[in-house]
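> Residue strings, one per chain:
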Amino acid sequence: ETGVTQTPRHLVMGMTNKKSLKCEQHLGHNAMYWYKQSAKKPLELMFVYSLEERVENNSVPSRFSPECPNSSHLFLHLHTLQPEDSALYLCASSQDFGRVSGANVLTFGAGSRLTVL
Amino acid sequence: GQQLNQSPQSMFIQEGEDVSMNCTSSSIFNTWLWYKQDPGEGPVLLIALYKAGELTSNGRLTAQFGITRKDSFLNISASIPSDVGIYFCAGYNNDMRFGAGTRLTVKP
Numbered sequence: 843e844t845g846v847t848q849t850p851r852h853l854v855m856g857m858t859n860k861k862s863l864k865c866e867q868h869l870g871h872n873a874m875y876w877y878k879q880s881a882k883k884p885l886e887l888m889f890v891y892s893l894e895e896r897v898e899n900n901s902v903p904s905r906f907s908p909e910c911p912n913s914s915h916l917f918l919h920l921h922t923l924q925p926e927d928s929a930l931y932l933c934a935s936s937q938d939f940g941r942v943s944g945a946n947v948l949t950f951g952a953g954s955r956l957t958v959l
Numbered sequence: 005g006q007q008l009n010q011s012p013q014s015m016f017i018q019e020g021e022d023v024s025m026n027c028t029s030s031s032i033f034n035t036w037l038w039y040k041q042d043p044g045e046g047p048v049l050l051i052a053l054y055k056a057g058e059l060t061s062n063g064r065l066t067a068q069f070g071i072t073r074k075d076s077f078l079n080i081s082a083s084i085p086s087d088v089g090i091y092f093c094a095g096y097n098n099d100m101r102f103g104a105g106t107r108l109t110v111k112p
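Chains A and B supply the protein sequences, listed in that same order. Anchor point for the first sequence: position 78 equals 920 in the numbering used here, and the numbering is continuous, going up by one each time. Anchor point for the second sequence: position 11 equals 15 in the numbering used here, and the numbering is continuous, going up by one each time.
By construction, these hints were calculated from the structure, which means they are not laboratory data. Mixed in with the good hints, there may be bad ones.
Said to hold, decoys possible - Restricting the straight-line Cα-Cα distance to at most 25 Å, the calculated cross-link-like pairs of lysine-lysine (DSS-like) are:
(1) A/K883 <-> B/K74
(2) A/K878 <-> A/K864
(3) A/K882 <-> B/K74
(4) B/K111 <-> A/K882
Said to hold, decoys possible - Covered stretches of chain B, as calculated for chain A (at least 3 residues, CB under 8 Å):
(5) 23-33
(6) 71-85
Stated by the list, open to error - Some chain A residues judged to face chain B by a derived CB distance under 10 Å, without partners named:
(7) P850
(8) R851
(9) S936
(10) S943
(11) G944
(12) T949
Yeah, the Cβ is synthetic: ideal placement off N, Cα and C, and Gly gets one too.
Construct all of the structure, not just a fragment, from the sequences and the given hints.
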């Protein structure tokens with residue numbers, strides 16, 4: 843496996859369910875990210891982890907809970923979501939975080955398409 | 005603020021035509037990036053620009069980092085059907101900001 847792998851690719855859940863999205867990167871990168879992508883809107887940064895420490899949390903509702911157990915894995919735990927949370931959730935990684943150089947270039951996974959009923 | 009204004013929102017062109025899209029901001033960025041997203045996939049990096057005035061090509065793609073550091077453009081020459089997708093600009097200055105995308109449709 844190479845690059846950034848996300849599972850599941852598609853997820854349908856009810857508002858009372860608890861589910862998790864998983865991301866794994868095989869690039870040896872030190873930073874990992876969760877983005878939300880809604881139609882016709884810019885990508886919205888949700889969370890950033892650098893060397894397994896959370897470094898940014900952009901006012902994301904607490905029904906989204908990230909977890910980074912090691913530098914290669916990132917999870918997004920979902921509970922009591924709302925229909926407006928339906929979107930494509932993209933995981934990304936970069937060599938480093940916060941440096942002005944090629945080290946901040948993001949490599950994205952294919953995304954997890956979430957539908958909340 | 006650091007919002008990126010990307011235009012046009014969408015383009016419908018004939019195969020073989022050239023394409024031009026751009027991104028502007030009221031803020032200065034230290035890095036400009038262009039990504040392409042195919043249907044059902046994540047964005048893939050096309051070109052990265054690190055210096056004001058830099059002009060970089062990648063096959064039929066050419067991108068430039070504006071002199072003012074507040075804008076960038078992407079040109080695609082002699083478009084082909086597989087150029088279809090959404091093109092995103094991104095600017096980096098402490099964090100990465102994205103444009104809303106340009107949706108390109110190429111008619112054979």
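> With the threshold set at 25 Å, check whether the alpha-carbon distance from A/K882 to B/K74 stays at or below it.
Distance ~22 Å between A/K882 and B/K74 Cα, so the pair holds.
> Go through the hint on A/S936 and say holds or violated, using the shortest Cβ distance to chain B against 10 Å.
holds, 9 Å
> Take the shortest C-beta to C-beta distance between A/R851 and chain B; is it under 10 Å?
holds, 8 Å
> Per the CB criterion, is A/T949 less than 10 Å away from chain B?
holds, 7 Å
> Identify whether the interface hint at A/S943 stands, where standing means a beta carbon of chain B within less than 10 Å of its own.
holds, 7 Å
> Given the proposed pairing of A/K878 with A/K864, does the C-alpha separation stay at or below 25 Å?
holds, 14 Å
> For the pair supplied as a hint, B/K111 and A/K882, confirm whether the alpha-carbon distance does not exceed 25 Å.
holds, 22 Å
> Counting residues of the stretch 71-85 of chain B that have a beta-carbon nearer than 8 Å to any beta-carbon of chain A, does the count reach 3?
violated (count 0)
> Would the stated hint for A/P850 survive a check requiring a Cβ distance to chain B of less than 10 Å?
violated, 13 Å
> Please check whether the stretch 23-33 of chain B has three or more residues whose CB lies within less than 8 Å of a CB on chain A.
Violated - the stretch 23-33 of chain B has 0 residues with a Cβ nearer than 8 Å to chain A, which falls short of three.
> Next pair to validate is A/K883 with B/K74; report whether the Cα-Cα distance is within 25 Å.
Status holds; Cα separation ~20 Å.
> Verify the interface restraint on A/G944: the C-beta must sit less than 10 Å from at least one C-beta of chain B.
Where the cut-off is 10 Å and the nearest Cβ of chain B is about 6 Å from A/G944, the hint holds.
The earlier numbered hints that this structure contradicts are 5, 6 and 7.
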